[in-house]
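Protein chains: 2
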Amino acid sequence: MNFKVIEWKNGKVKLLDQTRLPQEIVYLELDDYKSMATAIQEMRIRGAPALGLAAAYGMALGAQESNTQTKEEFLRHLQVVAQALIATRPTAVNLPWAIERMERVAASAGNVPQIKAALIAEARRLEAETEASDRRLGQWGAELIPDVATVLTHCNAGTLATGGYGTALGVIRAAAEQGKRIRVFADETRPLLQGARLTAWELVQYKIPVTLITDNMAGHFLSRGEIQCVIVGADRIAANGDVANKIGTYPLAVVATENGVPFYVAAPTSTIDLSLASGKEIPIEERASEEVTHFRGVATAPEGVEVANPAFDVTPHQYISAIITEEGIVREPYGDRLKKLMFFAQGREAND
Amino acid sequence: MNFKVIEWKNGKVKLLDQTRLPQEIVYLELDDYKSMATAIQEMRIRGAPALGLAAAYGMALGAQESNTQTKEEFLRHLQVVAQALIATRPTAVNLPWAIERMERVAASAGNVPQIKAALIAEARRLEAETEASDRRLGQWGAELIPDVATVLTHCNAGTLATGGYGTALGVIRAAAEQGKRIRVFADETRPLLQGARLTAWELVQYKIPVTLITDNMAGHFLSRGEIQCVIVGADRIAANGDVANKIGTYPLAVVATENGVPFYVAAPTSTIDLSLASGKEIPIEERASEEVTHFRGVATAPEGVEVANPAFDVTPHQYISAIITEEGIVREPYGDRLKKLMFFAQGREAND
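Protein chains in written order, with the numbering used here: chain A, 4 to 355; chain B, 4 to 355.
The hints are simulated quantities; they were obtained by calculation from the structure and are not laboratory data.
Do not rely on the hints blindly, as some may be mistaken.
Heads up, the list lumps identical chains together, so a pair's fine if it works in one copy or across two of them.
Derived pair list, reagent style DMTMM-like, types lysine to aspartate or glutamate, alpha-carbon separation capped at 20 Å [claimed, not checked]:
(1) Lys37 with Glu76
(2) Lys343 with Glu32
(3) Lys283 with Glu132
(4) Lys283 with Glu229
(5) Lys7 with Asp34
(6) Lys12 with Glu125
(7) Lys210 with Glu309
(8) Lys12 with Glu132
(9) Lys343 with Glu306
(10) Lys119 with Glu106
(11) Lys210 with Glu306
(12) Lys283 with Glu261
(13) Lys15 with Glu309
Next comes chain A alone, as it looks inside the complex:
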């Protein structure tokens, strides 16, 4: 099956509604930035790199909505668009990262019609870059995967999460394409079941054998030596190597470490935020309690019960065996090495 996470088509954004998967393949057509902001909040598109794409296309949509011919007024409008998109979800840094990139393009282009065209082109360029970057990341990461391995992953860090080849799933796909015999254990990932609904579905498409488990089963299989490595994506990586990722990542890293199983994070350099010294500074999104208490409108808990619903947790760098990026693999000490990597990555961007 072929599917496209997001694309620009006839002046609109066509977006695969991930809340309907795996039962239904439904595409949304968005023609204004507010619909994009809503789609992001409702997690119709999710995953840090894909949120970068969604934000970029959201900026392109917002630009089309303005009728002004004054550049100044137009850029003020774009700022409103940018703020609305940034406000949707706080944790993934790829979202503000992509918007800043779009703002730079807008500032350097000529008149309003030229900016409008440049923003569409830039969003498309970002989409193409994501695919290429994911594939480089996959090649780096595949080196770390044994020839015969059961790999455990959490949430979804595949094509659906990036719009490209995938990060954690990109590594798994690359290893499988190299002829390695890979089997995947997919955590279902409560409360929104991205593992059950999205990762299991993607792996079925790729014909990579997958076993679905509930999140609380991962420890059992790690302790029994049935998992050779764990690999997950990331929503934001701080300067010291601490990683914010989908809730449940941290206990997985602790239990993997306790059992001597390597724990890898796969993420593009756009996920690295050197402005934050440690993971403690990463904002953690708190989502609605209904995600925990209800399943498709059916209550699973007594009425009125209090709920906590942090969407992410922070894994301290000491539990992370390596961070795999499109520019290469980084290990401890993360502080120095992430800085060098980012210097290299920015050099590449400047030369592109």
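Once you have looked at the hints, place chain B on chain A.
Frame of chain A; chain B shown alone:
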């Protein structure tokens, strides 16, 4: 609200259907042992100590079903009943433990009508003992709970799990009744949501503040110092102190230990199985894949995906700060101390 987990009434067993909670309070009336076996398999009653009660009442039901007056023939029939009940669920040792106790009573009673009456009396005695034992356990355990504490628990080890005052929840209730300011974090406990459906519901009845979280959120709160201790029940405890309990207990113990948070197991001595040297020998029940892939008949995963569904995991004794029983609190080295405790518990039983 008042509720009764299981009771003998007019020659039948009245049983609260825990699969319907918290939405509906439905009682089943069982009048044959096969219905009891089915109810156990379908988890209409669950929790290790409550399974002991269910098995005991199942034996009493099975006894009533026999029309023979020959004691020999009757005891052969009882063996068939016992085997059917033991075969329902393999992990909780309370089930065979209660059945052995019923068999001893049957063997020592006089004629068939006397045995039938003795089995009903013995099941009722076990029910009363459970309540008393839970309360003693609660008093011991409450000593370990700080005066102001947020306590995390997994699955359900309350009245619904024992038919008495509860084990892990019994400790929490006792602490709260002593005036300690207790708040509970309840893991929802996938796949069957005993935490969301049963523990949260019980705590609402007891007016103890409860916050519901998904299983994969526990690590986040443990790492942030928001939890003062973890307390869970047990399905079987091996001679070396290894504990089998609901899937997800083991990673909780590892992450609690990593964060210096005490991890307690609360279980009656009937859960201790000195015949098994370590947790590796405890049989782990594998349940149907639909529990993971479906929610009330609605699929949450792509069709045909492979699933693993172990219902329990084993927590090695080194992660357990203390085991709380009705006879007192046991700490490392568990090997010697559990043996002494059981010697004492059996002495008490013989004197009763």
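A quick look at each hint next to the structure:
1. Taking the closest pair of Cα atoms, Lys37 and Glu76 come within 20 Å of each other only inside a single copy of the chain (19 Å); across copies the shortest separation is 78 Å, beyond that limit.
2. In this assembly of identical chains, Lys343 and Glu32 lie within 20 Å of each other by CA distance neither inside one copy nor across copies; the values are 41 Å within and 70 Å between.
3. Taking the closest pair of Cα atoms, Lys283 and Glu132 never come within 20 Å of each other, the shortest separation being 30 Å inside a single copy and 49 Å across copies.
4. Taking the shortest alpha-carbon separations for Lys283 and Glu229, only the inter-copy value of 15 Å comes in at or below 20 Å, while the best intra-copy value is 32 Å.
5. For the homomeric pair Lys7 and Asp34, the shortest alpha-carbon distance inside one copy (18 Å) is at most 20 Å, but the shortest distance between copies (58 Å) is not.
6. Taking the shortest Cα distances, Lys12 and Glu125 sit within 20 Å of each other inside one copy (14 Å), while across copies they are farther apart (75 Å).
7. Taking the shortest alpha-carbon separations for Lys210 and Glu309, only the inter-copy value of 12 Å comes in at or below 20 Å, while the best intra-copy value is 41 Å.
8. Taking CA atoms no more than 20 Å apart as the test, Lys12 paired with Glu132 passes inside one copy only; the shortest distance there is 18 Å, against 71 Å between copies.
9. Proximity of Lys343 and Glu306 under a CA criterion of 20 Å is satisfied in neither setting, with 52 Å inside one chain copy and 45 Å between copies.
10. For the identical chains of this complex, Lys119 and Glu106 are intra-copy neighbours only, at 12 Å inside a copy versus 84 Å across copies, given an alpha-carbon limit of 20 Å.
11. Taking the shortest alpha-carbon separations for Lys210 and Glu306, only the inter-copy value of 14 Å comes in at or below 20 Å, while the best intra-copy value is 42 Å.
12. Taking the shortest Cα distances, Lys283 and Glu261 sit within 20 Å of each other only across copies (18 Å), while inside one copy they are farther apart (23 Å).
13. For a Cα distance limit of 20 Å, the shortest separation of Lys15 from Glu309 qualifies neither inside one copy, at 41 Å, nor across copies, at 38 Å.
The structure is inconsistent with the numbered hints 2, 3, 9 and 13, although it conforms to all the rest.
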